[in-house]
Each structure stands twice: as C-alpha cells, then as structure tokens.
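Protein chains in written order, with numbering that gives the first Met the number 0: chain A, 0 to 148; chain B, 0 to 148.
If you're looking for bench data, these hints aren't it; they were derived computationally from the structure.
Hints are supplied without guarantee of correctness; some may be wrong.
[Said to hold, decoys possible] Computed spacing ranges between beta-carbons, pair by pair: (1) A/M136 x B/M0: 35 to 45 Å; (2) A/I126 x B/A96: 34 to 44 Å; (3) B/I47 x A/V23: 21 to 31 Å.
[As the list claims (entries may be wrong)] Per the computed footprint, the stretches of chain A lying under chain B, defined by three or more beta-carbons under 8 Å from a beta-carbon of chain B, are: (4) 38-51; (5) 88-95; (6) 100-113; (7) 128-136.
Computed from a predicted structure; not experimentally measured.
Note that beta-carbon positions come from the ideal geometry of N, C-alpha and C, so glycine has one too.
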Amino acid sequence: MNQTKSVSWFYFFLGLACFLIPGVVAVFIVYDKGVSFVPVFMFAGIVIWGGLFWVFPFTFGRLGKGKKKVTFDERDQLIHKKSVMAGYVVLWIYFVAACVIAWCIVGPHGSISVNVMPLTLLGGLVIFTLVQGLASMIQYGREPKGEKP
Amino acid sequence: MNIWQRNAWISLLFIAPLWLIFGQLPILLVYLEGPSFLHLFSFACSTIVGGLLWLFLFFFNKRRKRTGTTEFDERDQLILIRATLAAYVVLWLYFIAACIYAWLSATPERSISVNVMPMVIVGGIVVFLVVQSIATLIQYGRGGKDGEK
Chain A
0 MNQTKSVSWF
10 YFFLGLACFL
20 IPGVVAVFIV
30 YDKGVSFVPV
40 FMFAGIVIWG
50 GLFWVFPFTF
60 GRLGKGKKKV
70 TFDERDQLIH
80 KKSVMAGYVV
90 LWIYFVAACV
100 IAWCIVGPHG
110 SISVNVMPLT
120 LLGGLVIFTL
130 VQGLASMIQY
140 GREPKGEKP
Chain B
0 MNIWQRNAWI
10 SLLFIAPLWL
20 IFGQLPILLV
30 YLEGPSFLHL
40 FSFACSTIVG
50 GLLWLFLFFF
60 NKRRKRTGTT
70 EFDERDQLIL
80 IRATLAAYVV
90 LWLYFIAACI
100 YAWLSATPER
110 SISVNVMPMV
120 IVGGIVVFLV
130 VQSIATLIQY
140 GRGGKDGEK
C-alpha cells in the first residue's frame with residue numbers, strides 16, 4: 000500500500016468523523032442558542048477545510064519534489080485529480096437532487112428551516128469524501144503500484 | 000485564438016448570462032403553476048447538464064481520437080481539468096457563502112423559502128461557468144496554442 004492509498008483510507012474514515020461531527024455540533028449550537036460568531040466560524044472552517052482538503056496533496060507533492068524519494072508522482076497526481084472530479088460530479092448531482100426533493104416535499108410556496116442548508120452542505124461534504132476515497136481505491140486497484148506485498 | 004479560447008469567451012459572455020436569466024424560469028413556473036413532473040424534470044435535467052457540460056468534451060474527444068480528427072490535445076485536456084478544478088473550488092466557497100448568508104439573514108422564525116435552494120443551484124452554475132471560462136482564458140494566455148496568432 001503506497002502513501003497516497005493509505006492517506007485515502009485515512010481520509011475515508013477519520014477525516015469523515017473529523018468533519019462531520021463538529022459540523023453537526025455547530026449546526027446544533029446555532030439551532031439551540033441562535034446565531035453567534037463561534038459556531039458560524041467553526042462551521043465555515045470545517046466545510047472549507049473539508050471541501051478543499053484535496054488541494055493539499057498537490058502542495059505537499061510540490062514541496063517534496065526536491066527530495067530524493069518521490070512519494071506522490073504523476074500517476075498519483077492523475078488518480079487524485081480524477082477521483083476529485085468524480086467526487087465533484089456526484090456532489091453536483093446530490094445538490095440538484097436535494098434541491099428537487101425539498102421542492103417536492105415542501106411545495107413551491109412552503110418554507111424550510113434555515114438549518115437545512117448547512118446540513119445539506121455537510122451531507123455534500125460526506126458524499127464528496129466518500130466518492131473521492133472510493134474512486135482513489137478503485138483506480139489503485141487491489142495491487143499496490145510496482146511494490147511487492 | 001483557438002477554438003477552446005473562443006468557447007471560453009462565448010461561455011463567459013453569452014452562456015453564463017443566459018443561464019442567469021433563463022435558469023430562473025423553471026423556478027418561476029413552479030412557483031406560479033405549482034410543481035409538476037415536467038417542470039421539475041426539466042429543472043433537474045438542465046441543472047445537471049449545465050453543471051456537467053465539461054464532461055462531454057472528454058467523451059467527444061475519445062470518439063474523435065478514434066477517427067483521428069481531434070483538436071483537443073493533452074495540453075487542452077490539462078487546461079480543462081485545471082480550469083474545472085478551479086471552478087469547483089470557487090463553487091464550493093460560493094455554496095458555503097450562500098449557506099452562511101441564509102443562516103445570518105433568516106427571518107425570526109428561522110425559516111427561508113424553499114425556492115432559495117434552486118436559486119442557489121442556478122447561481123452555482125453561473126459561478127462555475129464564469130470561473131471555468133476565466134481560468135481557461137488565463138491558462139491559454141494572450142496567444143493561441145503553439146504560437147498561433
């Protein structure tokens with residue numbers, strides 16, 4: 000298992016819990032105590048960090064290029080890009096589906112709780128993370144690249 | 000100016016503004032006439048196609064590659080992928096901003112009209128198209144590819 004694959008497993012399980020639980024807690028705090036700076040800032044930080052976490056491998060890959068041992072090569076980069084794009088495609092379909100379902104349930108003259116939007120966003124983050132992790136694993140396949148088990 | 004730069008200009012100057020105007024039409028129709036299968040289906044299809052239009056390029060390119068008439072080489076592909084990823088980053092930030100704005104500006108009952116959600120989706124398509132076109136134009140630079148004038 001190479002580093003990118005292990006990072007994708009790590010991201011798949013731990014990352015999900017790290018983003019999902021504090022995000023739901025932030026929404027709950029706003030629901031319970033009203034809008035204040037801290038939970039809104041916490042929520043914004045979590046969704047920005049969680050949604051753009053995929054940018055870091057490119058940054059770290061560039062930083063590590065000067066070193067002798069390259070752990071994030073062109074193939075990893077391509078796989079990572081493809082899985083991010085797959086994640087975004089599914090995320091987009093999820094947003095459209097969430098919107099149409101809300102429209103159907105409530106009706107065009109109805110209203111929804113304002114907390115539905117951040118929860119939809121958190122759901123999108125979970126789906127994006129899942130699809131990205133799955134796409135990485137599928138692309139790497141069962142066998143590690145050129146490595147002996 | 001090559002064909003992809005021209006497409007980016009067309010998308011920036013015509014398609015994005017047209018989406019901004021006509022994308023709201025199904026929302027208005029559903030609001031005025033009530034939700035019907037046709038309206039919801041047309042909205043879902045148009046938003047899915049609008050958000051995933053860039054995928055068609057890869058499919059057409061694969062078909063053209065077989066016939067040997069491709070104008071979409073590896074460099075164009077790389078530019079498209081980078082522009083799409085940049086657009087998705089901004090789209091994600093736009094969704095977060097829309098969500099937090101709704102949180103902060105909600106009525107005392109803490110509810111918003113359900114029509115806000117499709118409006119945010121349509122706005123997302125416009126943001127995506129604008130950023131993708133700008134990122135494409137920036138990456139091609141002033142000259143065309145291979146020193147074309």
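Comparing the hints with the structure gives:
| no. | hint | in the structure |
| --- | --- | --- |
| 1 | A/M136 x B/M0: 35 to 45 Å | holds (41 Å) |
| 2 | A/I126 x B/A96: 34 to 44 Å | violated (20 Å) |
| 3 | B/I47 x A/V23: 21 to 31 Å | holds (28 Å) |
| 4 | 38-51 | holds (count 7) |
| 5 | 88-95 | holds (count 5) |
| 6 | 100-113 | holds (count 12) |
| 7 | 128-136 | violated (count 0) |
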